[in-house]
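Protein sequences appear in the order of chains A and B. Quick note, this note's numbering runs 216 ahead of the 1-based positions in the first sequence. Quick note, this note's numbering runs 216 ahead of the 1-based positions in the second sequence.
Please note: incorrect hints may appear among the correct ones.
One copy or any two copies: either way a pair holds, since identical chains are not told apart in the list.
Claimed, not checked - Derived DSBU-like pairs: lysine-lysine, alpha-carbon spacing no greater than 35 Å straight-line:
id, residue 1, residue 2
1, Lys606, Lys235
2, Lys614, Lys546
3, Lys325, Lys338
4, Lys239, Lys614
5, Lys325, Lys344
6, Lys325, Lys546
7, Lys338, Lys531
8, Lys546, Lys344
9, Lys435, Lys338
10, Lys325, Lys239
11, Lys325, Lys236
12, Lys239, Lys344
13, Lys236, Lys614
14, Lys531, Lys606
15, Lys236, Lys435
16, Lys531, Lys235
17, Lys531, Lys236
18, Lys235, Lys325
19, Lys531, Lys449
20, Lys344, Lys614
21, Lys531, Lys239
Read the hints as simulated data drawn from the structure, not as lab findings.
Chain residues, written in single-letter form:
Number of protein chains: 2
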Amino acid sequence: MLVVQKFGGSSVATPERIKKVAKRVVDTKRAGNQVVVVVSAMGDTTDNLIDLARQLTDNPSDREMDMLLSTGEQVSIALLAMAIDSLGEAVTSLTGPQAGITTNDVHAKARITGINTERLFKELDDGKIVVVAGFQGQNDNGDITTLGRGGSDTTAVAIAAAIDADICEIFTDVDGVYTCDPRVVPRARKLDCISYDEMLELASLGAVVLQPRAVEFAKHHNVVLHVRSSFNKNPGTIVQEVSSMEKQMVVSGVAHDLNVVKMALYDVPDRPGIAMQVFSALAERNINVDMIIQSANRNEVNDISFTITRDDLPKALPVMEAVTEQIAAKGFTYDDNVAKVSIVGAGMVSNPGVAASMFDALAEAGINIQMISTSEIKVSCIIRADQVEKAVSAIHSKFGLDSENEASTAC
Amino acid sequence: MLVVQKFGGSSVATPERIKKVAKRVVDTKRAGNQVVVVVSAMGDTTDNLIDLARQLTDNPSDREMDMLLSTGEQVSIALLAMAIDSLGEAVTSLTGPQAGITTNDVHAKARITGINTERLFKELDDGKIVVVAGFQGQNDNGDITTLGRGGSDTTAVAIAAAIDADICEIFTDVDGVYTCDPRVVPRARKLDCISYDEMLELASLGAVVLQPRAVEFAKHHNVVLHVRSSFNKNPGTIVQEVSSMEKQMVVSGVAHDLNVVKMALYDVPDRPGIAMQVFSALAERNINVDMIIQSANRNEVNDISFTITRDDLPKALPVMEAVTEQIAAKGFTYDDNVAKVSIVGAGMVSNPGVAASMFDALAEAGINIQMISTSEIKVSCIIRADQVEKAVSAIHSKFGLDSENEASTAC
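The following block holds chain A by itself, in its conformation from the complex (with noise of 0.2 Å):
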């Protein structure tokens, strides 16, 4: 088999755990399998970085921060390289540019346009371990790019596709998807098998368990994850395209997401592209906007109320201010104190109702619904910050998912 494994920043924190990674990857490769491995900074070294960049400017440029940065996984793979080495395997590393990894302009956010795979090809031939930087790549320019966060979940996902692996396993500190947050609701479950769909739509609803952009380009190349976890060898959860949606759940799981910010403009006159003016101008900026809800108002004028993440405020607020201005609308307001909370289940499209069942969980728990968005197969809910832990144990009940109940969560 040829295997891709992806181990996080806290899986290579230290010497100690850079030797089981290797340990780990050596087994792997021993049992007969071509290993590629891609790694993230260890542990805190990121966060280090930044706070050197802090002390120099208050605003660094993200061409800077992204040579900055880069260094951090550059460390990993040649410490991962020679550990895997002194266990007597051929091993090469690579940087995210040597690995053919080329990406778009966007510092700090690129995306991946292609993967020149010819020298991972002449390594893997050469019966050596591959060791690759993640989060990193190459624009046209020849400047590193980073691929913001998660990227080292995309890294690896993205080499899976571009040499046909067989498998990309993520390795965590979790034992695989859970119905929700374990911490927050102890009777939640691992699932043995979870669709593209239903990853995707837990990963961007803040069960950061895998990274959406990774899950969308699995999906997208159909590269079968692997989420396990990196103390124990028991097998986790698969993530793949499903064949049968009867096999579904109605609902697989229950995600929560603190890294909200509720955003409203209000009195915003009702004329056509007004929408367009606003989001462009967020879009322009590099701002994710989630949830997007327009409610219409008495007098030609609208609401348009919406969520980005908590990081883009800063960015959006001179964004917001300018373009409260332009369109004339009366002023905008932001509310940090929310949380978004979310069923996702494939099952859900031919089951009416499921949104219903959600409004009704927190209804009886006392919690009242601020914003509302649904999807085919997800529903989500944006609460009062302090009332998420309540929200989430309410639903998981609400839909059986509790441990206690023996629900199928097989392939």
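Since the structure of chain A is already known, use the hints to place chain B on it.
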């Protein structure tokens, strides 16, 4: 003017110091110059990375060490670029490979084979300050290489040569090149000017203000160097080709070097090709041999003595074992309790008796000479390590270099 400035690791050891370097670079730019800056890794970074590697393996591969250590300079260039940017000057950082620096394939001790200046000139033409990572390049395989000891000096000089810079300023923690180490002889004087050959001898003799490789490169490409303090704006020492030998002092300086091990092969059969066998075996392992003395013995056997640097001793011992057997010598010994003390001066060649004066000074100080080697512009002696300060002081006085003497040091 087109100026290359090089700052070492201690100059960029903290964010505060990086800000000072940024200020100095920006001042140079604003005085109407184009500026390329070459920097080393911050302070202890390299040592810390080496420690990390040692926690994983006693014997890391040179390729992976290069992958690891090259991150140190990459951090520095990103941070310095941020600091320069925050002072309002356009700037871009470039890794060694991005700056077009190509090397041969000898990891950890690579030699620069060429510089593709396209990117450098593009950035300069755009009005930018360019910050380049010292110490690193890329081989034909696209792998990161490091240049070994003094690599950042070499990078600066090589870039200055490639872009035909008007001057290459080497910033250090001393005011320039002295007649000897001021920590050893407080009466040492700063030289205003020195020739490449003299600097080359001083550098290779352990006066580590400038690395010999860098001086060699500068001599070969006629790059004018200015060795000066990073703490003040005083003029330092200019290193350049000297038009008239007459101007030179007989002895410019006294150098000493404790990073020396004396090795001796004894009872070596007196056959042609023997010396070649010994020194090519050492050269194959990239071990630099310095002073070589072959003394005729009775009975058609010789003794061969030579010196190497202390760092190379672990690599040299197995080579010596093998060679001793191969050439049927009786055995070999080594002594690391030695030091090298040397006088350097371009005027020496036309002044007989200079070596004799040096031996005289040592004899008067009661110091035994173990080995002697001479060139046109230097005389070196191996003595006991604990006598080195006394030796330097005695020689310095003997040649009238003490600062109460007002011998001219003008160019």
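Structure versus earlier hints, numbers of those that do not hold, lowest first: 1, 2, 4, 8, 13, 19, 20
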